[in-house]
Every structure is written in structure tokens, then in C-alpha cells.
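On the provided structure of chain A, position chain B as indicated by the hints.
Number of protein chains: 2
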Amino acid sequence: MTMLIAHLGPPGTYTEQAALAFVSWVHQQTRQEAILCPLPSIAQTLRAVAQGKADLAVVPVENSIEGSVSITLDMLWQQDKLQIQQALVIPITHALLSRAPTKERIQTVYSHPQALAQCQGWLEQFLPDVQLISTNSTTEALGQLEHDWSVGAISSLRASQLYNLPILASPINDHLNNSTRFWVLGQGVSTRCSDTSSLSRSHTTLAFSVPANVPGALVKPLEVFAQRGINLSRIESRPSKRSLGEYIFFIDLEGDTNSSLVQSALAELTAYTQIIKIFGSHKVLPFISQNIHHSTGSMIARTGT
Amino acid sequence: MTMLIAHLGPPGTYTEQAALAFVSWVHQQTRQEAILCPLPSIAQTLRAVAQGKADLAVVPVENSIEGSVSITLDMLWQQDKLQIQQALVIPITHALLSRAPTKERIQTVYSHPQALAQCQGWLEQFLPDVQLISTNSTTEALGQLEHDWSVGAISSLRASQLYNLPILASPINDHLNNSTRFWVLGQGVSTRCSDTSSLSRSHTTLAFSVPANVPGALVKPLEVFAQRGINLSRIESRPSKRSLGEYIFFIDLEGDTNSSLVQSALAELTAYTQIIKIFGSHKVLPFISQNIHHSTGSMIARTGT
Numbered sequence: 011m012t013m014l015i016a017h018l019g020p021p022g023t024y025t026e027q028a029a030l031a032f033v034s035w036v037h038q039q040t041r042q043e044a045i046l047c048p049l050p051s052i053a054q055t056l057r058a059v060a061q062g063k064a065d066l067a068v069v070p071v072e073n074s075i076e077g078s079v080s081i082t083l084d085m086l087w088q089q090d091k092l093q094i095q096q097a098l099v100i101p102i103t104h105a106l107l108s109r110a111p112t113k114e115r116i117q118t119v120y121s122h123p124q125a126l127a128q129c130q131g132w133l134e135q136f137l138p139d140v141q142l143i144s145t146n147s148t149t150e151a152l153g154q155l156e157h158d159w160s161v162g163a164i165s166s167l168r169a170s171q172l173y174n175l176p177i178l179a180s181p182i183n184d185h186l187n188n189s190t191r192f193w194v195l196g197q198g199v200s201t202r203c204s205d206t207s208s209l210s211r212s213h214t215t216l217a218f219s220v221p222a223n224v225p226g227a228l229v230k231p232l233e234v235f236a237q238r239g240i241n242l243s244r245i246e247s248r249p250s251k252r253s254l255g256e257y258i259f260f261i262d263l264e265g266d267t268n269s270s271l272v273q274s275a276l277a278e279l280t281a282y283t284q285i286i287k288i289f290g291s292h293k294v295l296p297f298i299s300q301n302i303h304h305s306t307g308s309m310i311a312r313t314g315t
Numbered sequence: 011m012t013m014l015i016a017h018l019g020p021p022g023t024y025t026e027q028a029a030l031a032f033v034s035w036v037h038q039q040t041r042q043e044a045i046l047c048p049l050p051s052i053a054q055t056l057r058a059v060a061q062g063k064a065d066l067a068v069v070p071v072e073n074s075i076e077g078s079v080s081i082t083l084d085m086l087w088q089q090d091k092l093q094i095q096q097a098l099v100i101p102i103t104h105a106l107l108s109r110a111p112t113k114e115r116i117q118t119v120y121s122h123p124q125a126l127a128q129c130q131g132w133l134e135q136f137l138p139d140v141q142l143i144s145t146n147s148t149t150e151a152l153g154q155l156e157h158d159w160s161v162g163a164i165s166s167l168r169a170s171q172l173y174n175l176p177i178l179a180s181p182i183n184d185h186l187n188n189s190t191r192f193w194v195l196g197q198g199v200s201t202r203c204s205d206t207s208s209l210s211r212s213h214t215t216l217a218f219s220v221p222a223n224v225p226g227a228l229v230k231p232l233e234v235f236a237q238r239g240i241n242l243s244r245i246e247s248r249p250s251k252r253s254l255g256e257y258i259f260f261i262d263l264e265g266d267t268n269s270s271l272v273q274s275a276l277a278e279l280t281a282y283t284q285i286i287k288i289f290g291s292h293k294v295l296p297f298i299s300q301n302i303h304h305s306t307g308s309m310i311a312r313t314g315t
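In order, the protein sequences belong to chains A and B.
Add 10 to a position in the first sequence, counting from 1, and you land on the number used in the numbering used here.
Add 10 to a position in the second sequence, counting from 1, and you land on the number used in the numbering used here.
Hints in this document: simulated from the structure, not taken from any laboratory.
Do not take every clue at face value.
A pair holds if it fits inside one copy or across any two, identical chains being indistinguishable in the list.
[To be verified] With a cut-off of at most 35 Å between alpha-carbon atoms, the simulated DSBU-like pairs for lysine-lysine come out as follows:
no.: 1; residue 1: Lys287; residue 2: Lys251
no.: 2; residue 1: Lys113; residue 2: Lys287
no.: 3; residue 1: Lys113; residue 2: Lys251
no.: 4; residue 1: Lys230; residue 2: Lys251
no.: 5; residue 1: Lys63; residue 2: Lys230
no.: 6; residue 1: Lys113; residue 2: Lys91
no.: 7; residue 1: Lys287; residue 2: Lys230
no.: 8; residue 1: Lys293; residue 2: Lys113
no.: 9; residue 1: Lys230; residue 2: Lys113
no.: 10; residue 1: Lys293; residue 2: Lys91
no.: 11; residue 1: Lys293; residue 2: Lys230
no.: 12; residue 1: Lys287; residue 2: Lys91
The shape of chain A in the complex, shown without the other chains:
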């Protein structure tokens, strides 16, 4: 059966690159085919899967420079049905695309807020007087270039090829070691691939709230893992949106929900948390950059953008 995979579009976004890499890997393993479905926002991408309109969603989780993608964590907490099937990491190279003859002619730069933030040093140095305008995705920014040559957009090299747009400068990200972690989410637990020998160790992602204004409320849940020697590779707090100082904690731990050690920790955790949500165990797909160019072949179809 062909998979329908929702992602932040239009085509050319870094999320589409992640979706293509995932589809290519699945195709190698199982010959399964996929249709990519670009949507205008991360929220709509996740809703499409929660409502059963798409099989999977590919969404950015965190960038090595700018940190967490808040909307992904907030939506995951709100939606009760989504499980992480897979993680993958994509290197990020931002380019300045424009029809201007030189970058000095640019007066306005459009891009996604994360891309603008990741290039803020370069922009301050080379284009200190331009107006910066946020768009819903890096690709959406490209729509501004067609009719106005004083406009630039920060987007991917792939988008430059896809839409035949000149590159005025690349890379323009302030840190060359820039990468973004993506999650592939679906309803229920993944059973797609049995050959996972090339993948990393399992990580399990969960989130919980703790009772408000109780001393030690956060210490107890963390001790549950510490006492068992379970390493936490990430702790991220998000506001509960009810009151300042009330948080939801997102945790990535090293281990699988299949293991009895993790199971016993999760069982004990319920005693110290108010709401707890387990988003599943997953492994990290190794990124092979050639995947992207080969993967636009026969196993990919694409819905209207």
C-alpha cells in the first residue's frame, strides 16, 4: 500500500528533504512506495495524521543552533494519538536566493523565522539595513522573488535547483555545523522495518507535567531514571500555558519501551507526575546526502502543492 506522508511544504523545504530521505530508506528496505503531501504549516501536518488523512508526518524537532521547534512539541502534547516512528538528522546549508544582480541591491529578505535566526550574524554583517520578513516555510519565501528584484529569500540549495533561482551567497548560516533533527510520526507503533542493524540505539521520548507548587516535584521524576542508570539525552521544558512557572517536561531517554528497565521506570513515574504521555521508542536513521537526489525517482509521487 502506498504511504501518504505529510510535511511542511511547498517542495524545497528542509522538511521535504527529510521526508525524501525517509522515503528512500523505506523503499530500499521494503520496496514500499510513497506520496508526499506538502502542507502549509507544521500544525496542519500533525493534524492530518491525527485525523487519519495521512499515514505519516515528517516534522522538525530541534535545530543545533536555534534549539527546539516549539510548535512541534506543543502540538505533540495536545494530540494524543501520535507516536514517533523514526528520527533523522539533516545537515542544513542556507543560501540567499534572489534575482537581484548583487546582494547589495536587496532591500527585503524573506524566510522562515528559524532560518532568519540561523543567519542573523551574516545578515547583520552583509545586509545590516534590510527588512526581515517571516514566512511559513523557507520555500514560501521564494514566491516573493518573482516580481520584485529587490527581494531576497533564505532557502535551501535544493530549492534553488527546483525553482531555477539564482544563488547570491551560500552558505550563509552563522555556524557551518548546522543540522536539524526530524521526527517521523504516525498513529500507533512502527513495524515497518525489521532490518534496523544500521540504526542507532533506541531512544524513547515522553512528556509529563508535575504538580504545581510542590517542592521537589521535578526532582522525583528525574530520580526515577537516575536510580536505574537510565541516561537522559535531552530534557526540554515547555510552558503548560496555564501559569508561569508550570511546565511540561519532554524527555529523551536512552532505552526502549520493550526493555523491562524502561518499563519499570515508566510505571514508577506515574506516581510523581500528573499527566504522562509516552511518544514511543525510535532509532535515528543515518543520513546519506545522495539519497535526496536519487529519491526523486519512481517511488515518489506528490500531491498538489
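Using the frame of chain A, we list chain B on its own:
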């Protein structure tokens, strides 16, 4: 001696409200006078204090809906000289300001990205087709209203009064219980006010990095506090900006660096961390909204904006 206090400007920002509330409180306690110095960015505000050009900086740290202000945490980590003198919490009420006769005539809305995010539900419901444009501050957005009546800006009620701009809708924040925590930062430890009976218990803020790729690297530092029964009221991770999965952890703990319990924890913590930075102990100033209106009186001067 008159204090010079840097904050994100121009006048009318929520950060200016926080600065005014702080100045009013200090004036009540010590009769000390202050000059407010509005600057165009949070980064410049903190640099002004680190370079000795201002005595104190008032900066936003976290909002109850959108979470941490990344640039504040990242700058605090980079600057070695800054200590937190005081915390204060300001309730946030966003208004839509415009010279348009009705909100339906608005085609573009300008504001700071945090304000746009805190009103995203309202904007989707009432102005689904407008273009959203980011500005450096909520007050900076108001500059767009003068000549173009199809433009709106999300800003504070105080800004509406200050610049005599019509309010088309208020409150427009998606969560009415919206507040922002600010820090007052300076070089060295605060000795300004001895009467702190009206203030909360002390909190201490610190940040540390842990060795990369070492299992248990994060568990150990947290156990240092758990074993002593020191409650952590906040854990926030920020990317190290070196490699994905390497973090700097910001922690707020309940306790004062004057206490021997906290001192012993901090001493032991050095064994499990790579770099550790202590940003000082501070208390939360209670917010009295009337302060804002009274505080624009004689003890405040203001530098050019």
C-alpha cells in the same frame, strides 16, 4: 548616583514596563533615581551592561505561553560578567492598534515574533488572510501605522496611550493568563535593597555544559541537587551550537548561594560538568500594576530613543 538602565525599546514595550516597575520599587526603597535607555535589541541591551555603558539591563526571560526567550539565555551564557539582581513578572495584554476604521480593512500586521505567536489563534480566527511581519520590538511595529491605514500592529495598551494610537481590539492574546518573567542584570552582586521582606524566597540561576557522548552525563548533575533535597523550579536546555545533541542546561533552583547547602551542591557540581556559570541569587519583585502609571514621574529620565 543615578542608575542607567538599558532595555529593549522604543518606549512602550513590555520590557520598558518591567523597567519602570523595577525603577519605581527601587525608588520607594532607596530614593535612588534612574535614567532609562531604550536600545534596539536584547543583545545590545546586555552588551551595554557587560561593557559598562549601562548599570543594569532589564530583559525578558520566559513567557507563560511561548516559553523561553532564546536570545536572552544564549547571550547570558556568552557574556561572562552578568549577574541576575532581581526577577519580576509582568502580565501581558496584547492589543491590535491601527488607524484602519475596522479590523477587516487590515492587510498586514507587524509585531515582535513572540507577540505574533501569542496571538496566533486570534489572528487565524479574525484576520486569517493578513500578512504577518516580524519587528525587533512591539513598539517598533507602530512606526508602520503612520502612513498606511491598511496596517495593524500588536502592542501594549501603554503604547496606545503613549503614541495616541487607536485600539481596534483588546485583549487579543490567545490565553488571558499571559505573563512574562524579566530579569534585571548587572555586573556583580546586588546590594541595592536591604528590605526584601516583601519578596519571594531566593532562587539561584546557573548554567552548565556536560561532557558529550558520556552515558549518565546529565543524570549526575541533577542527582547533586536531588540528594540534597534542593528543588529545581526550572530546567531549560539550549543547544551548545557545536553539535546537535550537545546542550547547555539552565537551572533555577530554590535556594541562595549564601546557604551552605547550595554552596556544597555547587562545589560538587564542578566534578560532573564541563563549564559551569553561576548567574547569582535573586528574588521576585511583586508586580503592582499601578506602579507603571505613577512611575513616569520625577525619578525617571529617559535617553534618546
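Quick rundown of the hints versus the structure:
no. : hint            : verdict
1   : Lys287 / Lys251 : both (17 Å within a copy, 29 Å between copies)
2   : Lys113 / Lys287 : neither (48 Å within a copy, 40 Å between copies)
3   : Lys113 / Lys251 : between (42 Å within a copy, 27 Å between copies)
4   : Lys230 / Lys251 : both (22 Å within a copy, 30 Å between copies)
5   : Lys63 / Lys230  : neither (39 Å within a copy, 44 Å between copies)
6   : Lys113 / Lys91  : neither (46 Å within a copy, 37 Å between copies)
7   : Lys287 / Lys230 : both (17 Å within a copy, 25 Å between copies)
8   : Lys293 / Lys113 : neither (42 Å within a copy, 48 Å between copies)
9   : Lys230 / Lys113 : neither (54 Å within a copy, 49 Å between copies)
10  : Lys293 / Lys91  : within (19 Å within a copy, 41 Å between copies)
11  : Lys293 / Lys230 : both (27 Å within a copy, 25 Å between copies)
12  : Lys287 / Lys91  : within (10 Å within a copy, 40 Å between copies)
Hint compliance for this structure: hints 2, 5, 6, 8 and 9 are broken, all remaining hints hold.
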